[in-house]
Amino acid sequence: MEKRINIHATEPQAYKAMLGLEAYLAQSEISKMIKELIKIRASQINGCAYCLDMHTKDALKYGETAERIFLVSAWHEADKFFTEEEKVALKMTEEITLISQNGLRDDTYQKAKSVFSEKQIAEIIIAIVTINSWNRIALSTKLEIGEF
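Heads up, the sequence shown is in my numbering, so the first residue is 1 and it goes up one at a time.
Keep in mind that the hints are not guaranteed to be accurate.
To be verified - The calculated lysine-lysine pairs, modelled on DSSO-like cross-linking and capped at a C-alpha distance of 30 angstroms, are:
1. K111 <-> K16
2. K91 <-> K111
3. K80 <-> K111
4. K111 <-> K87
5. K3 <-> K16
6. K113 <-> K3
7. K57 <-> K142
8. K16 <-> K61
9. K91 <-> K142
10. K16 <-> K142
11. K61 <-> K32
12. K57 <-> K119
13. K91 <-> K113
14. K3 <-> K119
15. K87 <-> K61
16. K57 <-> K32
17. K80 <-> K32
18. K61 <-> K142
19. K57 <-> K80
20. K87 <-> K119
21. K32 <-> K91
22. K113 <-> K80
23. K3 <-> K91
24. K32 <-> K16
25. K111 <-> K142
26. K142 <-> K32
27. K61 <-> K91
28. K80 <-> K119
29. K57 <-> K3
30. K113 <-> K87
31. K87 <-> K57
32. K113 <-> K32
33. K91 <-> K80
34. K111 <-> K3
35. K119 <-> K91
36. K80 <-> K61
Rather than coming from a laboratory, the hints here were simulated on the basis of the structure.
All chains should be modelled from the sequences, with the hints used to inform the complete structure.
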């Protein structure tokens, strides 16, 4: 695979802005586990092996089980393995990542309001937007798995 530009080196201010989003998310109210599930699911949808490698390892480090990681892509059928909050966050991740299909549906948003505060909903949306941006950077620049 041909090496492409290094965004961090070529545009350090843009990279710094992305890291600012990560710093914001690090202090957010949503759990590390929900954040990692969001990152894993969006990266699966976007086909980003680089981010999948990173975030499955991070999830394991934070105490996630391999079984649940294996089931993230089929969470709809693995209902008993995920909490109500996690299922809503995963649904939001799918709908926002695939925004051109139907967007964040009203019923999903209403369900989110029943389990999360407005602040937490905002944090989840920012988490989804952020990982989608990272996926696009990694895929566009052909980052090598494990180079983080």
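Practice task
Sort out whether K80 lies within 30 angstroms of K113, counting only the CA atoms.
Solution key: Between K113 and K80 the Cα gap is close to 21 angstroms, so the pair holds against 30 angstroms.
Handout entry: Pair hint outcome, K87 versus K61 [Cα-Cα no greater than 30 angstroms]
Key = Between K87 and K61 the Cα gap is close to 21 angstroms, so the pair holds against 30 angstroms.
Practice task
Quickly compare the C-alpha distance for K61 and K91 to 30 angstroms and report which way the hint goes.
Solution key: holds (24 angstroms)
Practice task
Given the hint that K3 pairs with K91, test it: the Cα-Cα distance must not exceed 30 angstroms.
Solution key: violated (34 angstroms)
Problem - 30 angstroms Cα cutoff - pair K111, K3 - result: violated (43 angstroms)
Handout entry: 30 angstroms limit on alpha-carbon distance, applied to hinted pair K91 and K111
Key = holds (10 angstroms)
Problem - Holds or violated: K61 to K142, with C-alpha atoms at most 30 angstroms apart - result: holds (25 angstroms)
Exercise for the section: Could you grab the alpha-carbon distance between K80 and K119 and see if it respects the 30 angstroms cut-off? Expected result: holds (27 angstroms)
Practice task
Given the hint that K57 pairs with K3, test it: the Cα-Cα distance must not exceed 30 angstroms.
Solution key: Holds. K57 to K3 sits at ~24 angstroms (cutoff 30 angstroms).
Handout entry: Distance restraint between K80 and K32, which requires alpha-carbon spacing of 30 angstroms or less
Key = holds (20 angstroms)
Problem - Hint consistency between K91 and K142 [alpha-carbon to alpha-carbon, up to 30 angstroms] - result: The hint holds at about 28 angstroms.
Exercise for the section: Take a quick look at whether K3 and K16 sit within 30 angstroms of each other, Cα to Cα. Expected result: OK: K3 and K16 at ~22 angstroms, within 30 angstroms.
Going down the numbered hints, you'll see the structure goes against 1, 6, 14, 23, 25 and 34, while the others check out.
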